[in-house]
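J.: Chains as they are written, first to last, in my numbering: chain A, 1 to 303; chain B, 1001 to 1341.
Keep in mind the hints are simulated off the structure, nothing from the lab.
Do not rely on the hints blindly, as some may be mistaken.
Listed next, with one range per pair, are the computed distances between beta-carbon atoms [said to hold, decoys possible]: (1) B:L1186 - A:R113: 44 to 50 Å; (2) A:F110 - B:K1032: 37 to 43 Å; (3) A:F287 - B:R1031: 33 to 39 Å; (4) B:I1081 - A:V36: 53 to 59 Å; (5) B:D1225 - A:F110: 43 to 49 Å; (6) B:V1301 - A:S209: 57 to 63 Å; (7) A:L268 - B:G1293: 52 to 58 Å; (8) A:M59 - B:P1239: 48 to 54 Å.
This one's a predicted model, so the numbers in the text were calculated from it and none came from an experiment.
Beta carbons: idealized from backbone N, C-alpha and C, even for Gly.
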Amino acid sequence: MRKKLNGKVSGLEKRRAISGYLFISPFILGFLLFMVKPFMQSLYMSFCDVQVGAGSFEMIYNGLYNYNYAFKVDPDYSRLLIEGFTRMIIYSFAIMVFSFFVALILNQEFHGRALVRAIFFLPVILSSGVILGLETDNSVIAQMHATVEDSMQNVSVTAVLESILRTAGVGTRAYETVFELIDNIYDIALASGIQIIVFLSGLQTIPKSMYEAASIEGCTSWESLWKVTFPMVSSIFLVNWVYTIVDYCMRSDNEVMEKITDTMVDQLNYGLSSAMAWCYFALTIVFLAISSFIISRRVYYYE
Amino acid sequence: MSNAAVMSAPAGVGKAKVKAKDKPKMAPLKRKKVATQVFISIVRFILLFGLCFLIIQPILNKISVSFMTEGDLYDPVVINIPAHFTTENYQLAAKLMDYKVALRHSFIVAFTIAALQVAVCTLVGYGFARYEFPLKKFWFMCVLLMIIIPPQVMSTSLYLHFKFFDVFGIFKLITGDAINLRGSVLPYYMMSAGCMGLKNGLYIYLIRQFFRNIPKELEEAAYVDGCGTFKTFVIIMLPDAKPILTSCFLFSFVWQWTDGFYSRMFLGNLKLVSTALSVIVDELSSYIMRLLGLQTGTVSVAYSNCILSTGTLMIILPLIILYLFAQRGFVESLSQTGIKM
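So that you can see chain B by itself, here it is in the shape it has in the complex (with noise of 0.2 Å):
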């Protein structure tokens, strides 16, 4: 079967050499033909049907079960479509997550962190792009070193780095104390500023394997024609890397909205969906125990799961509206950027 699949796509280019030339001699050759044609497609829509559908399934799943009520959970008859249809499920899950100020903190966060780090990453992207200088070598090493290196590893000292914040021991002179900046949102912010960020060496390599492949004669026509380095930078480079720029951004934004280790290590104290749906449980349980008057007590698997399930939507919804309007960003843009070694 697979090789039926993977054999198609040079098989379609030569089929059409055969119609051309010999169009009246080779009938049956040609019918055969286009029985393996319609064969393959067959098989082929069976397969991608099956795929697609194992990734769809777990989403059409949870939309199910978020507007079933809690008898419809236990009901064995009920499976998909719900008997009881409620939203009570939605408000519960929005309540429990603070949902309108996680969204708005989420939002904010998400946008701006994304924006800093692809302004940032198109700045050093194009300087290995575009210029010849001493040690370029060992700093995209670094570059790359950085893209290997899981952030777990150091998670431990970065976490004390910046509990206890010093800057050559300035602060200490001053304050007589270290500063504590856990809780705080500006050890994040100065990390993009700095490249450090969630996935920044993949943006950093990207740009810079788009920018390698503009032509180098716009540039030197802009020097010509008297733009400085800055200038033509941003006048004649940037707009041409509008697809990539998108892309980055896209995901930079994505990952950064369903992101759990930067957000617990770093903005903590910020309420955002992501970190609340990692405690959506925990939260439902205490919720229900507080509601029913009991110190200590287990939700059925069940329900907490519906809740998960109606949390979890929640938070995806705006990335799937994202994803529907700017699919091509996501998508086309990266396959064109031609990625190589």
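Here chain A stands alone, though its shape is the one from the complex (with noise of 0.2 Å):
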């Protein structure tokens, strides 16, 4: 078809295609100007030793020189990077399971849904940006709070549970991880705002015959949630895991985040710092792509 028409089509191709890189050039010129530049200095920087003068800046090579400092030297920066990427891993798990939970339930027909959703959505909107970093501020006078309380002796259920678990003995390490979530659960339905309407969005495209069908052949309600509701969600799993992850690289009470901006703005060492940000970023484009490959192989793609 192509070829009998050569002449037209391709010019009208050609028209379109202009026309397509003219909408999208401004996001390419940004791109240049404002991403690749300042990202392959920083890279590069990372290998420097950073000096600011009045008016003018200057990098001296010095290899490897950051990197080692980091890793081996600075007291803090390993210690953070594995407490931070073991949080991470954990949190991003713990948001996915709560947030297809709850836009399981917020999929049902019951009344006050509407108020519902708009409460479990209202995190999104108060809880960005500096006003996450203030909340967890008052997690020192929480932890205050908490000590006073003990001397009181209140207890509360989960507390009672962990030492009855852990006086039996049974697996200590995995309870603790899972009572801290569950004492955290705040958190991770704060966290869990935008993930949810997802969830919810990809729920509400499965066909109602599907169910049917299936409640006819014989098949109980958790059946069909396996056999039926997590096939055709599968691929906003995806979408989602990559959301949360990002999402909690970039959050601003991040302690390796603080840790590199301290070093930055407080310390001037920009090197350092760049050279933090590009391990801490490496390791998490890393474990992004090999968990959303592993996750790409179980996705089932209805169509």
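Take each chain as given, in its own frame, and dock them per the hints.
T.: What follows is the structure, given as structure tokens:
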């Protein structure tokens, strides 16, 4: 077809291609100016000793010195990196489970659904940016509060359960993680607003007739959750997983990020902070790539 | 407990079938089903009530604290309802944050930035959704990369980039020196115009997803009737995309309003509510020290926390009002986009 009408069609295609490029040109310009250049520069900077003088700055190449310093000399960095990373994995997992569960509930018909949806979405608006950072500052006060409560011998359900399980001696470490998550359910609920909406949008696209067919074939609701709902929203899992991890990385109350910002703003050590940021970023990207590859192999595409 | 709540959606479907088919025979079974249904909705109510309370409670707590006098804070009897009702905290917080000025600045900045970002992202998203051009996949990969890369990775170098700003050495030729754009608002507007603002990759992605779902025939009909490329975009496509555009605009506005990272980096000299809030505790202690004529000292944790709560409330109040009116714009349109990988 194309070859037959060669002159005309390719002319039209060319015009379309040009207008396409015109439409995305702001992005290309911005990407080259404000992304590629700083990106490369910051990579280079991480191998340099950066000295800022009046009116200019100098970069002196000094090899892997910054990386060595970050991992071997700096007392906090490697510890923070490992801690931050394990926390990221655990929390992202918890957020996924929580938001999928809430989305399943919110997808049902009941009175006041709109109100509940509105409330669950509220954190996206209210705890973003600076406000989130301030909330964690309050955790110092919350801790004080907790110690006061301890001394007053107030008991909480999780604490009792935890002590029972601990005396029973069943795999304490795993339980501790679970209890930490339950204690921090507030943080998880705050972080999962967008994910809930995305899951909801996925759940709404599943046709009702599928459930009907499944129940006629003799599926119980529990089975149709695993056999119908799960495969149909599996692609949404991938989207949400990526979003959750990226969101966690960019959170302002992230300890690694705080360390990086401190190194830059307070100590004016631009080279070292670049090196730290790059290590963190590279680790995250590798983890993201591996995990999303594993998930994407299990994703089922309908159609 | 969780299983019961999860199962009820498909269960509803099954129940309807049983009801319709054989009503008189299955009476005991039906009663049992109704009982399960009631049980499920009770469990669901408790669960949702608990979670909603969890989310709302800090705000309620802040409201009650913000009306307390300092004495009430230390009074062990006073927990939620202040004994001495006062609005002094609000006055003090407003004074510390320079509220009126900061509010005006924040509004102007958030509004213009959001409008600019959405306008540019719409163009780009439309281009990605509707046109075929060489290297399209590559450029879209760049968009995804932009979503993934945290801005903090480049913050160091962007900082220096704008501190010694220059386009191909032109300015250096004219004035003999690179210009320092740090502290002015220009860099951030430039970045927004280039789709490099806060979470702009996400907006591009969402808008592209939306435009892809609009039938091609609509566009073709417009072409046949003699509309040009740009005219088709403005007259045919834009009105259709209203819900997603409002959604993106609202997100952009809200995130810009509370953003600390970009604001501190690029808009440092401008008084904004977000930056004002992040230093309110320091402001408070220096204010009180000035008042008492002392050099150093600390304000009690409870009182500074009270002022912080008040300040936070004052900042999120405009957002709550916005959310009340535009709730549909936030939630519904986003859930209709049909996000897919």
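J.: All hints are to be evaluated individually against the structure, with a verdict given for each.
T.: Here is how each hint holds up against the structure:
1. A hinted range of 44 to 50 Å holds for the C-beta pair B:L1186 and A:R113, which are about 46 Å apart.
2. Look at A:F110 against B:K1032: about 20 Å separates their beta carbons, and that is not inside 37 to 43 Å.
3. At roughly 52 Å, the beta-carbon separation of A:F287 and B:R1031 lies outside the given 33 to 39 Å, and the hint is violated.
4. Between B:I1081 and A:V36 the C-beta distance comes to about 57 Å, which sits within the given range of 53 to 59 Å.
5. Between B:D1225 and A:F110 the beta carbon distance is about 48 Å. The supplied range of 43 to 49 Å therefore holds.
6. In this structure the hint that B:V1301 and A:S209 lie 57 to 63 Å apart at CB holds, the actual value being about 59 Å.
7. For A:L268 paired with B:G1293, a C-beta distance near 34 Å fails the hint of 52 to 58 Å.
8. At roughly 51 Å, the beta carbons of A:M59 and B:P1239 sit within the given window of 48 to 54 Å.
Against the hints set out earlier in the document, violations occur for numbers 2, 3, 7.
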